[in-house]
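Sequence lines, in order, name chains D and F.
First residue of the first sequence: 1, per the working numbering; consecutive thereafter.
First residue of the second sequence: 112, per the working numbering; consecutive thereafter.
No lab work stands behind these hints, which were simulated from the structure alone.
Treat the hints with care, since some could be wrong.
To be verified - Derived, one-sided and incomplete: chain F residues facing chain D with beta-carbon distance under 10 Å:
id: 1; residue: P120
id: 2; residue: Q125
id: 3; residue: G127
id: 4; residue: A202
id: 5; residue: F213
Since this is a predicted model, take the numbers as computed values, not measurements.
For each residue, glycine too, the CB sits at the ideal point set by N, CA and C.
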Amino acid sequence: DAGITQSPRHKVTETGTPVTLRCHQTENHRYMYWYRQDPGHGLRLIHYSYGVKDTDKGEVSDGYSVSRSKTEDFLLTLESATSSQTSVYFCAISEPTGPIYFGEGSWLTVV
Amino acid sequence: DQQVKQNSPSLSVQEGRISILNCDYTNSMFDYFLWYKKYPAEGPTFLISISSIKDKNEDGRFTVFLNKSAKHLSLHIVPSQPGDSAVYFCAACRSNDYKLSFGAGTTVTVRA
Chain D
1 DAGITQSPRH KVTETGTPVT LRCHQTENHR YMYWYRQDPG HGLRLIHYSY
51 GVKDTDKGEV SDGYSVSRSK TEDFLLTLES ATSSQTSVYF CAISEPTGPI
101 YFGEGSWLTV V
Chain F
112 DQQVKQNSPS LSVQEGRISI LNCDYTNSMF DYFLWYKKYP AEGPTFLISI
162 SSIKDKNEDG RFTVFLNKSA KHLSLHIVPS QPGDSAVYFC AACRSNDYKL
212 SFGAGTTVTV RA
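Starting from the given sequences, assemble the full structure and let the hints guide the process.
In structure tokens, the structure reads:
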């Protein structure tokens with residue numbers, strides 16, 4: 001395991017509520033990422049971070065925000081959850097030389 | 112618009128034989144390619160990677176081949192074992208940003 005902990009691992013929430021997923025790493029890797037996995041799409045990048053307070057959007061960032069105040073923590077927030085955000089969310093980490101290692105996933109259901 | 116495509120959603124192979132998984136990409140700026148293996152309810156596990164300066168990389172039973180002119184890569188697993196039954200994802204990125212683009216995955220089933 002690459003020393004990545006995601007929490008919560010499973011969550012059911014109602015439409016319109018805010019949700020925060022947490023990624024914690026013990027590897028001191030500089031780069032961190034949030035991906036979502038949906039059938040037929042593989043994994044798609046939501047947001048990424050190249051360092052503390054240095055974040056940027058990925059290909060499916062609408063409806064999501066992130067924060068990284070410490071090297072080890074990368075938070076993903078759904079400001080107002082929608083059913084289309086029901087998915088499996090994976091955090092990943094890497095050094096600038098790669099490769100990229102993934103956490104075990106957070107299963108989110110929006111009802 | 113998917114920049115990385117795995118056109119075979121599934122592959123069935125007999126134990127001990129070779130598994131060949133294929134992947135095509137469209138973005139000519141990609142120069143770093145990776146394969147991941149994923150079991151249900153777990154995160155993707157890094158298998159093997161290849162830089163565009165090479166055309167082959169081996170690690171034990173896994174070999175990745177890269178054909179830059181055809182924008183095609185393949186993963187060979189020899190010999191296939193029952194524990195290799197999983198979903199395999201091809202991914203690509205530019206080595207200066209590591210923002211991975213993934214294929215949709217190929218489900219490999221190894222038959223005894």
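Hints the structure violates: just list their numbers, smallest first. Numbers 2 and 3 - these are the hints that the structure violates, sorted from lowest upward.
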